[in-house]
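Novice: Since the structure of chain A is provided, determine the placement of chain B on it from the hints.
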Amino acid sequence: MIDATAAREIVVASLNEVFAQTGLPAPESITGDTVLVGKDAVLDSLGVVSLIVEVEQRVEAEHGVSVTLANDKAMSQRNSPFRTVSVLAEHVVAMVAEESAA
Amino acid sequence: MTAERPVMLVTGSRKGIGRYLVEHYLTKGYLVEGCSRGESDLKDPSYTHHSVDVAEERAVRHMIADVTKRHGRIDVVLNNAAIASMNHILLTPAASANRMLQVNVTGTMLVCRDAAKVMIRRRYGRIVNFTTIVAPIALAGEAIYAASKSAVVTFTRILAFELGQWGITCNSFGATPIMTDMIRGVPQDKIDAVVNNLAIKRLGTHEDCANVCDFFISPTSDNITGQVIYLGGVT
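If you read the protein sequences in the order shown, they are chains A and B. Note that the first sequence ends on residue 102 in this note's numbering; no numbers are left out. Note that the second sequence ends on residue 235 in this note's numbering; no numbers are left out.
Treat each hint with caution, since some may be false.
As the list claims (entries may be wrong) - Take a look, some chain B residues computed to stay more than 12 Å from chain A by CB distance: (1) Gly29; (2) Leu42; (3) Asp44; (4) His49; (5) Ala65; (6) Thr68; (7) Gly141; (8) Ile183; (9) Asn196; (10) Ile200; (11) Lys201; (12) Arg202; (13) Ala210; (14) Asp214; (15) Ser218.
Unchecked claim - Quick list of simulated restraints, FRET-style, between CB atoms: (16) A:Ala26 with B:Lys43: 46 to 52 Å; (17) B:Asn211 with A:Ser86: 48 to 54 Å; (18) A:Ser86 with B:Lys43: 28 to 34 Å.
Treat the hints as calculated values from the structure; they're not laboratory data. The structure displayed is predicted, hence computed values, not measured ones. Note that the Cβ used here is the ideal one computed from N, Cα and C, for glycine as well.
So that you can see chain A by itself, here it is in the shape it has in the complex (with noise of 0.2 Å):
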């Protein structure tokens, strides 16, 4: 299991590491809306691709849980769990909980 407070630093320090590799400009400050897709994204396309690829290593690594974060049912849903830092923490949360249920 994982809680809140440990989902969000693994986004941030896993954002923190995609902008060292990619080298898009980090923002000033990363926040629970920094928004990581869509309108007024700190990453492109690309960049969310390794965001998520890094987060479910970092999850794996840290907390010995293997994820798969872009699953049907996170593509399905109307509303994007990777759009803000919160919001991805908070899928990182319930992605970890399924996984140690089954």
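Specialist: Same frame as chain A, but now just chain B:
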């Protein structure tokens, strides 16, 4: 922990071409991970077998997670697992067609996807997806199998563009008929007709397959991607 030796995953490794390739790359110093639906009788300290159906998403994810946990890296994937069913299209049940597509196309996709997530950490990877000459020669009786393998070629070409930025190359390899269990039920006159239309008129061999894989997975083949090589002069 990251292994010092390169790590290879071979799907469909229990027998036939997959088994040969496992043994070939063990002799070359790879740590080899293999999978098939059944158990393997291959015992080697550098080989680990996973009883996994590549069409099952969760099973593939757990296999890749296990490899990553033990070795910290995946350098090479040889997607050899496939099923075939020679049948006239008018006698082909939907369930048979769906199963071929699930294993040959979705299975290849799942292994590529999850292995690539590991490969991008080290900005290096070699993926070889197995296709067949029966697609380009349009062999009657193999419509669904050939269609699934055509899909693999197209998938691999696009995969090359999607993963190239991370130093991952993706290529396809199409063998001519090789005497394995997969074609053991095919009538001899059918096999002879195929071979007689090749530029090199003989059955393929396991060594032919290893030769092409050696080329594709060489570290110096870092500018060889999105390609397909067929044996026997087929294009």
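Novice: Please go over all the hints and tell whether each is borne out by the structure.
Specialist: Against the structure, the hints come out as follows:
1. Interface exclusion of B:Gly29 from chain A stands, the closest Cβ pair being 27 Å apart, more than 12 Å.
2. Residue-level check passed: B:Leu42 sits 26 Å from the nearest beta carbon of chain A, beyond 12 Å.
3. Non-interface call for B:Asp44 relative to chain A: holds, since the shortest CB-CB distance, roughly 26 Å, exceeds 12 Å.
4. No beta-carbon of chain A is positioned within 12 Å of the beta-carbon of B:His49; the least distance is around 19 Å.
5. Remark: the non-interface label on B:Ala65 conflicts with the geometry, its nearest Cβ contact in chain A lying 4 Å away (cut-off 12 Å).
6. B:Thr68, annotated as away from the interface, has a beta carbon of chain A within 12 Å; the closest lies near 7 Å.
7. Non-interface status of B:Gly141 relative to chain A is upheld: no Cβ of that chain comes within 12 Å, the nearest being about 34 Å off.
8. Non-interface status of B:Ile183 relative to chain A is upheld: no Cβ of that chain comes within 12 Å, the nearest being about 35 Å off.
9. Here B:Asn196 stays apart from chain A, with its beta-carbon at least about 47 Å from theirs, past the 12 Å limit.
10. With a cut of 12 Å on Cβ distances, B:Ile200 stays outside the contact zone with chain A, its closest approach being about 42 Å.
11. Here B:Lys201 stays apart from chain A, with its beta-carbon at least about 46 Å from theirs, past the 12 Å limit.
12. Once the 12 Å rule is applied to beta carbons, B:Arg202 is consistent with being away from chain A; the minimum gap is 44 Å.
13. Every beta carbon of chain A lies more than 12 Å from that of B:Ala210, the smallest distance being close to 31 Å; the non-interface claim holds.
14. At roughly 29 Å, the least C-beta separation between B:Asp214 and chain A is larger than 12 Å, which holds for a residue marked as non-interface.
15. Consistency note on B:Ser218: stated as away from chain A, and its beta-carbon is indeed over 12 Å from all of that chain's, at 26 Å minimum.
16. One distance hint, 46 to 52 Å for the beta-carbon pair A:Ala26 and B:Lys43, holds here, with the actual separation near 51 Å.
17. For B:Asn211 paired with A:Ser86, a C-beta distance near 53 Å keeps the hint of 48 to 54 Å intact.
18. Look at A:Ser86 against B:Lys43: about 50 Å separates their beta carbons, and that is not inside 28 to 34 Å.
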